[in-house]
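*Asks:* In case you want the letters, here they are:
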Amino acid sequence: MATLEIHDLHVSVDAEGGPREILRGVDLTVKQGETHAIMGPNGSGKSTLAYSLAGHPKYTVTGGTVTLDGEDVLAMSVDERARAGVFLAMQYPVEVPGVSVSNFLRTSATAIRGEAPKLRTWVKEVKEAMERLQIDPSFAERNVNEGFSGGEKKRHEILQLELLKPAIAILDETDSGLDVDALRVVSEGVNRVRESGQVGTLLITHYTRILRYIKPDHVHVFAAGRIAESGGPELADKLEEEGYEAYVKGGASE
Amino acid sequence: MAETIPAGSTTDGVIQVGQPTDARVSAPASYDVADFPVPHGREEDWRFTPLERLRGLHDGTAVADGGVKVEVTAPEGVTVETVGRDDARLGRAGKPVDRVAAQAYSSFEKASVVSVPKETVLTEPVRISVRGEGGTAFGHQVVEVGAFAEAVVVIDHTGDATLAANVEYLIGDGAKLTVVSVQDWDDTAVHAGQHTALVGRDATFKSVVVTFGGDLVRLHPRVVYGAPGGEAELYGVYFTDNGQHQEHRLFIDHDTPHCRSNVAYKGALQGKEAHAVWIGDVLIRAAAEGTDTYELNRNLVLTDGARVDSVPNLEIETGEIVGAGHASATGRFEDEQLFYLMARGIPADEARRLVVRGFFAELVQQIGIPDLEERLIAKIEAELEASVG
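Line by line, the protein sequences give chains A and B. In terms of the numbering used here, the first sequence has 242 at position 242, counting the first letter as 1, and numbering is strictly consecutive. In terms of the numbering used here, the second sequence has 252 at position 252, counting the first letter as 1, and numbering is strictly consecutive.
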């Protein structure tokens, strides 16, 4: 059973006047089949956590460990992490001109699965996954994220999640910018992957809205670069009523 | 009636009008090199070109010593001749427009004339191999396609040379000519020249210019129309490496009604001091009613230190046209794109390949000659390997 263990993780970014520490000792364990919601105010470092786990070069790990089934994730390159089973659904997916969605998906699936998927079953697999996410078939021939609306980008991220079947899925504010219909479609996609029981989900969000569709097992409040409080789903209800004020006052981000 | 809007190096618009084309050349077109002053580098048409790397082609000091071998392989029915300077078929497509082209015209001793008789439809390409053997040479090539004939011609430049050579394409009424000019030179070669097409009534000219090699390549692909109904498609692919200067200066002279032109050039650049220049001049003269033209230039910068100058110019002297437009953009293969692809398990070198192949794919498919397309893709891969490794 896949387990992602984050221990005392410190991360900084280069800023004017030298490196600035954003993550200040994050401890978290995510097991396959579990869903953890990470909630927090803007600037608390929750997106930094997501990108650091995926290996974005902008972030420098200055301390701590991250392991996936005991393997040192921090020693892996970005593509090695993805092939090891870490998937990041990005808040702002990047446009890649000249690369069609169908070519991208197949190249990615080939890399992740270690062999090229058989063409006939692959075409069917993609077509069905796109239908479930209400993605128009013409998307396959469009360039990756180029000219996509906000909702289309997010559905495209979840399409990849469904096709790549990672061990650990990190969803970085996948709900932001979505209307209710799109939120429902995207959440159903995430739930289909969760129901397999094969994925540990780290759901990063600012709002409690998405938690009506995706029920977390654990809720963590993120503030000032670390987990300030952990609890069950009832913690989200408390945040819904009281907001983040209590956490922001007690030592917020700069 | 033309308004003047400066066209910059990365423009993207429907109709923009640059400086009048005539004002941007240092001298009127002429067959005689003596009619052109020696460029000093500040002229509009020379300002991007490193003159010191032209090895004297621009100032009269280059001396021909042979060293370029031209071989023509043609299917049956095609006439291949080597002719002297006084042959009446030479110089009909248009005069040289800069000093180096005029130097070539004034200096060549023998010209090659490839003729496809009227109504002859070739099933195999004519292949012209220009193989540099280290020397300096001036050349002249004519490709003449008779009325309603159809032909594909591949001109393949390889090896090392200092070459100034012009090519004329004479396309008869209703004829179809596709030309692929490949500049696959060694990285030491210098190649300059003018490729002028005279497009007949209802004739179709398709040009594919592929530039990979050379220390310096500077070409003038040009189109003029002899009668109404002509159509020209000009495609270009270039891959500019470390230290290379590759310059394509296009001109389409719409002086005849109801003609069409479509230009698409795409280039990738990598490495320090890689410099690509694309000039796209389209002139729609007052008489050219019913003109339909579009030109596009896209550049993909793969590494820091490379430079692109992309200057589209559209000058319009009549409003009675079907359409006129251009687009130019230079993009960078960014770290964020690389991260996105790698975050989906795709290794860095494969990610780069994916992007570059995608960038060139639609143009490569335009060539329509399978062995050449394969060679081109292999070449792109090899260029990328050099960058990754």
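Just so you know, these hints were derived from the structure itself, not from any lab. We put the beta carbon where it would ideally sit given N, CA and C, even for glycine. Treat the hints loosely; a few may be bogus.
What the hints assert, rightly or not - DEER-style ranges, computed between Cβ atoms:
1. A:Lys58 - B:Ala361: 24 to 32 Å
2. A:Thr110 - B:Gly305: 47 to 55 Å
3. A:Gly147 - B:Arg375: 53 to 61 Å
4. B:Ala361 - A:Thr110: 51 to 59 Å
5. B:Ala361 - A:Ala116: 12 to 20 Å
*Asks:* Which numbered hints are broken by the structure, listed smallest first?
*Replies:* Result: hints 2, 3 and 4 break, sorted rising.
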